[in-house]
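J.: Please build the complete structure, drawing on both the sequences and the hints.
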Amino acid sequence: MPVYSEKVMDHFMNPRNVGEIENPDGVGEVGNPVCGDMMTFYVKVKDNRLEDVKFRTFGCGAAIAVSSMVSEMAKGKTLEKAMKITPRSVADKLEGLPKQKFHCSNLGAQALNKAIKDYLSKKKGGGKK
Amino acid sequence: MPVYSEKVMDHFMNPRNVGEIENPDGVGEVGNPVCGDMMTFYVKVKDNRLEDVKFRTFGCGAAIAVSSMVSEMAKGKTLEKAMKITPRSVADKLEGLPKQKFHCSNLGAQALNKAIKDYLSKKKGGGKK
Amino acid sequence: MRKVYLDNAATTPLLSEVREAMMPYLGDIFGNPSSLHDWGDGAREAMDRARTQVAQLISADPDEIIFTGSGTESNNFAVKGLALAQQAKGKHVVVSAIEHFSVLHSARTLEKLGFEVSEVPVDKHGVVDPDNVLRQIRKDTILVSIMHANGEVGTIEPIPEIARITRERKIPFHTDAVATAGITPVNVAELGVDALSLAGNQFYGPKGVGALWIRKGVRIMPLLDGGIQEEGRRAGTENVPAIVGLGKAAELAKTHMTDRIKQLTPLRDHLLKELPGRIEHVVVTGHPQHRLPGHASFCVEFIEGESILMLLNSKGIAVSSGSACTSRALKASHVLIAMGLSHEIAQGSILFTLGIDNTNEDIDYVLETMPPIVDRLRQMSPLYAKFSKTVKGGK
Amino acid sequence: MRKVYLDNAATTPLLSEVREAMMPYLGDIFGNPSSLHDWGDGAREAMDRARTQVAQLISADPDEIIFTGSGTESNNFAVKGLALAQQAKGKHVVVSAIEHFSVLHSARTLEKLGFEVSEVPVDKHGVVDPDNVLRQIRKDTILVSIMHANGEVGTIEPIPEIARITRERKIPFHTDAVATAGITPVNVAELGVDALSLAGNQFYGPKGVGALWIRKGVRIMPLLDGGIQEEGRRAGTENVPAIVGLGKAAELAKTHMTDRIKQLTPLRDHLLKELPGRIEHVVVTGHPQHRLPGHASFCVEFIEGESILMLLNSKGIAVSSGSACTSRALKASHVLIAMGLSHEIAQGSILFTLGIDNTNEDIDYVLETMPPIVDRLRQMSPLYAKFSKTVKGGK
Ligand SMILES: Cc1ncc(COP(=O)(O)O)c(C=O)c1O
Ligand SMILES: Cc1ncc(COP(=O)(O)O)c(C=O)c1O
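Chains as they are written, first to last, in the numbering used here: chain A, 14 to 142; chain B, 14 to 142; chain C, 1103 to 1497; chain D, 1103 to 1497.
What the hints contain is simulated information worked out from the structure, not anything from laboratory work. Misleading hints may appear alongside valid ones.
As the list claims (entries may be wrong) - From the derived model, a few chain B residues whose C-beta atoms are all more than 10 Å from chain C: (1) Glu42; (2) Lys59; (3) Arg69; (4) Glu85; (5) Arg101.
Said to hold, decoys possible - Restraint ranges, calculated between C-beta atoms of paired labels, are given here: (6) Lys1241(C) <-> Phe115(B): 43 to 51 Å; (7) Gly32(B) <-> Leu1469(C): 23 to 31 Å; (8) Glu1122(D) <-> Arg1271(C): 53 to 61 Å; (9) Glu1119(D) <-> Lys1241(C): 56 to 64 Å; (10) Asn1462(D) <-> Thr1360(C): 34 to 42 Å.
Just so it is clear, CB atoms sit at the ideal spot from N, CA and C, and this is done for glycine as well.
T.: If you want it as structure tokens, here you go:
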């Protein structure tokens, strides 16, 4: 068994949704270079759905593949469904991750969540204004 | 380097002077099966010389080779010269012994010595009689 | 001159299939298994395969296999590593009196670190009585290590019965299966142990590689600290070719075990039965039935083992006079002494360990060659001379 | 696709001469070196020859060489064995902050056994200042272990200067020469050390074998207890083929060392000089001059080493992002952090370790392949995006 599954390699070599959304509806940043991985997720929301998801990631092969997979899984989903994306489901979709790399899938789900929450809190704030 | 020198192998494979002297002038026995080696030397003395030397040995290859070598070195020597045979000189004549086997050359010289001393003490005793 | 190798307990020849399996890893597939690039992949895959092969030999889970550099390392790792990992619970270790020195001396090192060690005696056949193990167990016992079979006398120990005792008390139980794994059936679940040592060069695999099986959940302290190889339990660049060879040898051992046992047992029995018939005052050592399939060991009275060995060697026959690693030490075997033999008799130890290359003719050659050798040495022996004078003279 | 192996610090390929030298010992000469019969002789003679070859590589006495199973084992043996043997005199050990984990984690194990360990810092090039060693030495210091060269950043340490300090105080001094022995000149007398570790797979020899040189008269406690192999200092059936291979590799290394250094140094210098010219924000790590001949290491800012490694691999280039044995751990290299680099920069570590198969074209291929890879990863990097917005945007 190689270190990474074919799926991980595919998402690492050809990551989906890399980049930044201009005027995003929400942004979520997690991790830092000390722990070795850092991800920023950008979301665009329309009709309670993730119309667009983009990310930037500093990190290992798994971190990049996880980011790509999370973005792909999230895109088009309702906010509720997107928030239910778990580290386990990301890892499963990637056909497994090495034990030491599992924390990357935590980070990916977290970053997406954070971006959605950012949108929700902004909306709330905006509604109040 | 093999464990034993060619000389040791020669004396082990073709030991000289194995056996017992009937009515020996002196007998020396050293060692015991607990320590792994046991030697009995028999000497026949004539005109202060070792006319005949024989031995029996229970022990490893080195013990047998040492016994054989000691017997060969001693035979024909004056008692004084025979008593000067040292463990070192035996080991040297055998072109060396492995470190762990050096005690065998001690035993060989000791057994010969003991046999000569046995002869000397008997002579003394006999003289007194 | 006929050449007969009967020292398979010291080490076995490498099977050509095993050598072939190793060759790519001495060639193009030279990468470090820890490397993340393609060069590492081949090495890593090979190790995973070998891990499965070794696991299957002993009916274990591949994740529970840790590769080591020898049977000795496996034993040091197990005894020291298990004891040190449990020392908060107690500092008492139980071993048998006939363990290999890699277990006994590891236990002695533990004593220097403040542990207490109890030795379980054996009977005259070298068998450990489980009740005697039970007697040594205390509240603070945190490790029991009893070998599966003894390499010097071939006796197979009642491991499942001992395991019943340790399991009930939740005491980790290690068995040194270096003499059995790959040779007789070894099934970790049936044995009931928590850790098990094995070595490649005992069953036609390479030197320089062994394994420790350790049951999931049992804690162990590394012997080799450093990198994160083997899940952090055994650091150091892995010996990939040897590990591949161990795996292949394990696979072949599993496939051919029954046949090999069928081949060796009658040869062994022939030797065990015939030799004492041809030479007076020869004692069979070890258990008459519960013994390794290719293992025939004796003590020849009145003479010493090394000199028998050397004269047999001069006739093309390779045997041992004890375990190989003590062959140049001088003292009588602690195994034979523990079995109650006198030093005098124990010094005459000689052991024939048969391998898959041996034939009936080999055994006949031994039976024919050995009596004159014994005779010749006895003629030199002061002990035999005394015996002849007293006993024979008295007849 | 071009295939370029630039991870010789992880492991080197086996030279065909070395493999040829090993083959008989994977074949007919399979005996156990401890065996007293003819089958043992060939193995024993081969080991003696290898011992001499290894001794000659480091200008030592063959009796002072102990064969081990890896560089890691040599380091564990030295650090634990020397400390435990001297513990009556004191329980303080000095190591550098950039030692390989096989030294650092051995020291940590000593701490668990009641020792105190002091770490000597390094400067920004990874150099240990002998004065800083002196500052750590106490009355109860019983061991100093400082590596000869660091495998991650290639820096060569001032061992003779440190040895002057330890010798005056009669403190045993061990050096981990795994990264230098067989690669650069190593002479134990000139280094002035008391013990030195080396490993075969660093200089085109086999995996699974290393050696510890230990000066006559220096006491050490065995790491592997058991039989009387290696004069009772390292038990276990010897890995004869690998030891033979180590010997042959040592002989070849001695013969060809000057030529190899002449070949590697300009290639390394080319890479060290050119890469930072082609990629912005690249830092050379390690000492600019006092470094291993084939060793070029960098940190690429804003991106992470493993992802660089993987993309280089997809172009046929094998490199490492740290030491192989930590390649799947996550933390930034302790070596780079000790040299004062930030975690952010240390994460971008990438190292090229050249070997005797490498050519100018290989280096050119790297210089051409790497910039677009870095670019691609930077386009993905939030750190680079921030940097561009602030610094670049500010221009
Ligand atoms: C029962 C047993 N345990 C351990 C060992 C040690 O094996 P090695 O010397 O290969 O490390 C042996 C060696 O024959 C053995 O018979
Ligand atoms: C300086 C140094 N010491 C020790 C080692 C450990 O060697 P091994 O993993 O082969 O046991 C390495 C490995 O590359 C090293 O670079």
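J.: Work down the list of hints and note, for each, if the structure agrees.
T.: Status of each hint after checking the structure:
1. Glu42: violated (7 Å)
2. Lys59: It holds; Lys59(B) is separated from chain C by about 24 Å at its closest Cβ, greater than 10 Å.
3. Arg69: violated (4 Å)
4. Glu85: holds (15 Å)
5. Arg101: Arg101(B) is indeed farther than 10 Å from all Cβ atoms of chain C, at 20 Å.
6. Lys1241(C) <-> Phe115(B): 43 to 51 Å: Holds, at about 48 Å.
7. Gly32(B) <-> Leu1469(C): 23 to 31 Å: Since the Cβ atoms of Gly32(B) and Leu1469(C) sit about 28 Å apart, the hinted range of 23 to 31 Å holds.
8. Glu1122(D) <-> Arg1271(C): 53 to 61 Å: holds (55 Å)
9. Glu1119(D) <-> Lys1241(C): 56 to 64 Å: holds (60 Å)
10. Asn1462(D) <-> Thr1360(C): 34 to 42 Å: The hinted range 34 to 42 Å is violated for Asn1462(D) and Thr1360(C), with Cβ atoms some 59 Å apart.
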